[in-house]
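A.B. asks: Take a look at the letters that make up each chain.
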Amino acid sequence: MLSTPISTASEPLLDVRGLKTWIPTRRGEVRAVDGIDLRVHAGEVIGLVGESGCGKTLAAYSVLGLLPPPARVIAGEIRFRGDDLCRRSAEERRRLRGSAMAMIFQEPLSALNPVFPIGSQVGDILRRHSTLSARQVKVRVLELLDHVGIASPGHVARAYPFQLSGGMRQRVLIAMAISCSPQLLIADEPTTALDATVQAQILDLLQRLVEQAGIAMILISHDLAVVAEMCRRVYVMYAGRIVEHSEVAAVFARPRHPYTSALLRCMPALKQDDSPLETIEGVVPALTEPEPGCRFRPRCRYAVTLCSDQDPAATELGGGRLAACHRATELGLPGTPTAVGADA
Amino acid sequence: MTPRPLLAVERVATHFPVKRGGWLRRRVETLKAVDGVSFAILPGETFGIVGESGSGKSTLARTILRVYRPTAGRIRFDGLDITELDETALGPVRRNMQMVFQDTKSSLNPRLRVEQILDEPLVTHGLPRGRRRVVELLEMVGLGDSHVERYPHQLSGGQRQRIGIARVLALNPRLIVADEPVSALDVSIQAQILNLLKSLQSRLGLTIVLIAHDIGVVGYFCQRVAVMYLGRMVEAGPGRHVTRSPSHPYTQALISAIPKAEPGVRRSRILLTGEIPSPINPPTGCPFHTRCPVKLGAICERERPPRYRTVDGGWAACHALNDRPVVAEAQEE
Ligand SMILES: Nc1ncnc2c1ncn2[C@@H]1O[C@H](COP(=O)(O)OP(=O)(O)OP(=O)(O)O)[C@@H](O)[C@H]1O
Ligand SMILES: Nc1ncnc2c1ncn2[C@@H]1O[C@H](COP(=O)(O)OP(=O)(O)OP(=O)(O)O)[C@@H](O)[C@H]1O
Ligand code: SF4
Ligand SMILES: [Mg+2]
Ligand SMILES: [Mg+2]
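These protein sequence lines map, in sequence, to chains Y and F. Position one of the first sequence corresponds to residue 1 (this note's numbering), numbered consecutively onward. Position one of the second sequence corresponds to residue 1 (this note's numbering), numbered consecutively onward.
Hint data in this document are derived by calculation from the structure and do not stem from the laboratory. Errors might be hidden in some of the hints.
Said to hold, decoys possible - Computed beta-carbon distance windows for the label pairs:
1. Y/L109 / F/G79: 45 to 51 Å
2. Y/R26 / F/P110: 42 to 48 Å
3. F/S106 / Y/P290: 44 to 50 Å
Claimed, not checked - Among chain Y residues calculated to face chain F with C-beta under 8 Å, some are:
4. T197
5. Q201
6. G214
7. A228
Where is the CB? At the ideal position from N, CA and C, for every residue including glycine.
Isolated chain Y (complex conformation) (with noise of 0.2 Å):
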């Protein structure tokens, strides 16, 4: 199931290329996202992981045109359909949010206005991007409601968002995003903020509404498990970059960046025995001035002298890999015990 190669040969969906969004700050630039790569193709669902403040949330604002000043982008090619999106005016940009490409926010109480009624929310998305008379509204936000899973979709829209308990108001916003058929959607941590047994409900519901429709979907998260059952490529953030890219399959099985590596084996989840769990000494780097050479270097547990006098760059290491790391290609990093019928 997951042995085709990942390069597509059609056109991807968004190809995302040395895209910088740095914030100007007092004590300097943020380089909160610097310089990454990242390619979707139509209908297919992708993972971006990373540890807090590695630039996920950014990286998303930014190929939706929705980042908050002073935060811009400075640097790169955002395409969509073949299109750059960095040349295209706000009115346009805000045209193609909501029809072509949606989001689901990562605070979903936020997300939503706290002073009017679900219905009157999910229906202002349909009257804003479509043609349909009030009525017609009327119907399709219930049938939206229905769609995702909420047992009583005219009781759900006259609540407000207060009423509805977490996993209601992801479901909700879920409706929001879906509702004019989007190509592309970026999922932000959909379900962090819920119970696991919600948690699975939700994810559940994501899989089979991009499945049935086609949607291509890119799922942000911290946590390698969800990725994998969700995803079929992964690209790994850290401190504003990619540092990994890969088959999720074959990333668990060899990792080929120390830091992936080391995240899949910090995780207890996948723990067999009693021993210590592998941990990943010191903190994430700040983003003003970073070091010159490899921002993991301080962590790093294979570093050379080379590490800290270059940056490396992303180096393709076949089937579509890349890794950006120094020694790539020469170190044998362990990955996760569970993996199983991954071929690096």
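For chain Y, the structure is supplied; the task is to place chain F with the ligands on it using the hints.
C.D. replies: For chain F with the ligands alone, kept in the frame of chain Y given last:
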């Protein structure tokens, strides 16, 4: 003979009065945050409590430490009944049972330097003080004297959690209750803190109660694990057994819900419908019957299931296990 438990909790319930309704028909209802929980922990044991949000884990922790006074039941610490003790009598007991919190931002005083933070409990309990003791404590949690002068905001989340642990160690407690000590931290930092707690536990012979909603964390860390649902314990037993081959339908669903990090493997999940009911009007009988995929019928709606034996001293409270021996009758208070 089995050794005396360090902590014994018997049929403990903690209820809160909550006001409901508008100004015309205001009424007070009872929220049963913890509702008849029993367990015992031996000295040196690591005991894990898992459960989803609102299941009553933090309330249980605060009740054990007598921050709350239980509505019913008894709590014994090292044989001493502390259920009804007043603050003065609790003083010496408090030193021996300490809590590590999830939120290090609000649990450490932002205006104090690390040195003062660690000095504070020593003063309160009249223990030997001084810079050497502070540095010694910092070293125990893997920090150095370079951190002595810092304020909490100058530390990372993981470092702040280390300070939180050092502050607790300052008192040489016998029991540490850690309420979600790693859930606010990145995975890489979580591992550092879990390893630290584990090494302290074996070095100092500490007894630790670890509370988490992440069953992976608890299963890795704890010798014994209990699962909570709506204020009650539904299953308990050896950590590995509960997390690998659970007996209660809720534990089974909880574990099947967790992504297993096996790429390409589409697992068949036990998908529960709906969410946890309100603890204000919890379901009668088995608290899980409204969502249970194997519910037997009227008995689950009406009767609290007794604890049936599983393995190695473990049990699960589910009527579907009624072919097994009963460990304890259903606990109605
Ligand atoms: N307005 C701002 N001013 C300064 N720095 C900022 C601002 N907004 C974001 N940052 C920084 O940019 C970096 C990237 O932030 P981003 O929200 O994209 O991270 P993330 O990967 O989504 O993290 P998380 O997993 O916590 O959501 C962070 O280090 C953050 O501190
Ligand atoms: N002081 C209080 N007054 C009233 N209700 C309370 C109080 N403290 C907790 N509760 C309620 O008791 C129930 C159990 O809460 P508790 O905080 O113990 O759960 P928890 O398992 O720790 O959840 P979480 O994983 O979200 O921390 C919840 O419904 C909560 O709203
Ligand atoms: S007692 Fe009944 S409802 Fe409760 S878990 Fe067992 S089978 Fe399900
Ligand atoms: Mg984010
Ligand atoms: Mg809690």
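A.B. asks: Hint by hint, note whether the structure agrees.
C.D. replies: Okay, the hints, checked on the actual structure:
Range check, Y/L109 to F/G79: about 47 Å between beta-carbon atoms, so the 45 to 51 Å window is met. Y/R26 and F/P110 have their C-beta atoms about 21 Å apart, which leaves the hinted 42 to 48 Å range violated. For F/S106 paired with Y/P290, a C-beta distance near 31 Å fails the hint of 44 to 50 Å. For Y/T197, the shortest C-beta to C-beta distance to chain F is roughly 5 Å, which falls under 8 Å, so the interface hint holds.
Interface restraint check for Y/Q201: the shortest CB-CB distance to chain F comes to about 6 Å, inside 8 Å, so the restraint holds. With its C-beta approaching chain F no nearer than about 19 Å, Y/G214 sits outside the 8 Å limit, and its interface hint is violated. At a threshold of 8 Å, the smallest CB-CB gap from Y/A228 to chain F is about 4 Å, leaving the interface hint in force.
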